[in-house]
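2 protein chains.
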Amino acid sequence: MSGLDALGEFGLIKALTDGLPETSRLLCGPGDDCAVVQLGGGQVLLSCDAMVEGIHFGRDWMSPEDIGWKAGAAALSDIAAMGGVARCILVTLGCASDTDPVFLKGLYAGIAAVVSEYGVAVAGGDTVRTREGVFLDVAVVGEMEDGITPRHRSNARPGDIIAVTGCPGSAALGLHALEQGDITPATLIEAHTRPRPRLAEGAWLARESAAHAMIDISDGIASDLGHIAERSSVHIEIETAALPVSPEMRVYAKKTGRAVEAFALGGGEDYELVVTLAADEATALRERFVATFDLPFSFIGVAQPGAAGVFLDGKPVGRQGYDHFSTGK
Amino acid sequence: MSGLDALGEFGLIKALTDGLPETSRLLCGPGDDCAVVQLGGGQVLLSCDAMVEGIHFGRDWMSPEDIGWKAGAAALSDIAAMGGVARCILVTLGCASDTDPVFLKGLYAGIAAVVSEYGVAVAGGDTVRTREGVFLDVAVVGEMEDGITPRHRSNARPGDIIAVTGCPGSAALGLHALEQGDITPATLIEAHTRPRPRLAEGAWLARESAAHAMIDISDGIASDLGHIAERSSVHIEIETAALPVSPEMRVYAKKTGRAVEAFALGGGEDYELVVTLAADEATALRERFVATFDLPFSFIGVAQPGAAGVFLDGKPVGRQGYDHFSTGK
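Residue numbers (our numbering), protein chains in the order written: chain A, 197 to 525; chain B, 197 to 525.
The reader is advised that the hints may include incorrect statements.
If you want a taste of the chain B side facing chain A, the calculated C-beta under 8 angstroms gives, among others [to be verified]:
no., residue
1, 236
2, 245
3, 246
4, 286
5, 297
6, 319
7, 320
8, 322
9, 324
10, 326
11, 327
12, 337
13, 339
14, 343
15, 474
If you want the footprint, here are the derived chain B segments under chain A, 3+ residues with CB under 8 angstroms [stated by the list, open to error]:
no., segment
16, 237-243
17, 250-257
18, 306-318
19, 328-336
Don't read these hints as lab results, they were simulated from the structure.
Just so you know, these numbers come straight off a predicted model, no measurement behind them.
Using N, Cα and C, we set each Cβ at its ideal position, and we do this for glycine too.
All chains should be modelled from the sequences, with the hints used to inform the complete structure.
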């Protein structure tokens, strides 16, 4: 076999998880934002998210508090993407022996900040030594509210309207600014350093029978919608003109020399939600959503019958998101 | 602050977890083998265990299947130490882009083998890129049988008999043999490469009201009993002559030039259980245990009132276990 670059993250996951044993308690296994397991008389949601120094974060442009916040937020967002309620996390810290304890205290302060903000407990974890660098792995446990079913990636139906919360691409622009040492686009930088898991919004949407499939944007709209298209076997059409773009995004994108839509479509780590909605109820649902949350909620496309795939203005969209192992776009 | 070496693993954990928020759902937080969380109408057990290449395992003397088995077994053992039933795991894999996919398939085959053996599901996980080397982090979820309470480290009472399953130290001797390239002590090597989490034994013990505190041996009897002594505020006396030593251990220890008891007392990663028992029921319980399981069950000491600590033949025992950050004994 060739290396992991050729296989890609999703190819690797498939190769690794094929043949793993399943049990009847496993209501939903690998391949969604969370696993769903029958436990203690209820449905428990489980997920984990790891971040590695030098790959997912650097100490140059993020404070340890930001790194800790972000690691926690990324994990909590997986619960949001199912429409669940986050209950607790486990934190695994790997670090070299010469790591500054002040840096580590900062990491945990950031984790404490995000879990406090969202009413989640740190239940435990592990600390291990590495040969170099720091990694954080956050496992998260949640549950569904009584009578509410998890919103799987596979739930989209032909005819659904595709909606997105917030303004994805903000985090990617914020990262670009940080890399340039430009601290002026504060809201974009905050989108990158202090992303907000959409837990209240996800749980609200899951109470709506018109909300079908849901996913959080960790790799970019194009890539993450691809998971919905594939698992729901729908053909998704999105329109460039419909992508939500904030004034801050538009202003800063000019400095990058790239189209703002490229960030909106391909930028990852916003942790906004994409949800597919029954077409006849979508507009009324949107009105109630924006009346409840101080957050944009935009219709960006439709799901149609046809071969699974994501199309932008009628053209197939390549994988423009972030694949952890592939080197190309 | 000085470096992590001075702080040590347990000092680090204390420094990091002080001040983390708690919630009423968290029945038992950091500091035991598992966290216990109120979820879905029941008590859910949670833990995680990470292994880093070059620190916890090497490719030189362990096959990828062994490494995967061991990572899974270490996590499952935390459920055993509470007396719980393991239900599922999440597997986070970190690896460099140039990692051989065949090696990774081997890792997952080992994980699949251990979870199949113990009736546990792989519910999900994460894959991330590292700059070099592989790490595995396994989060495990379990629950207590109806009406059975978790066996905490803090449950030991003065007067309790200290009992241990199997022959701890076997894994450390097996590792020594592997490092020497000596493959003759097969049972010792298997103790290191294919440790067996004592799930059935732990659940059986938890059904016995005479079984008070329990812990699994990951760092060595001396170190792990220290956690029971500290959290239960008891003075623990153990006797060298009472430590269970198998014939294979005795034979191979001679080749090492060290006393076999040093391995029995300080050797980690056996994942045997240490349990404290009500003295008046201990002997009858032991008879039933050995009639049920094909496994030694040895009385090695007693818990007494007095200052928390572990004493061997009347002398205080230093930390002879494995501390992930301390360099000295």
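Right, here's what the structure says about each hint:
no.	hint	in the structure
1	236	holds (2 angstroms)
2	245	holds (6 angstroms)
3	246	holds (5 angstroms)
4	286	holds (5 angstroms)
5	297	holds (5 angstroms)
6	319	holds (4 angstroms)
7	320	holds (4 angstroms)
8	322	holds (5 angstroms)
9	324	holds (5 angstroms)
10	326	holds (5 angstroms)
11	327	holds (5 angstroms)
12	337	holds (6 angstroms)
13	339	holds (6 angstroms)
14	343	violated (13 angstroms)
15	474	violated (28 angstroms)
16	237-243	holds (count 6)
17	250-257	holds (count 3)
18	306-318	holds (count 8)
19	328-336	holds (count 5)
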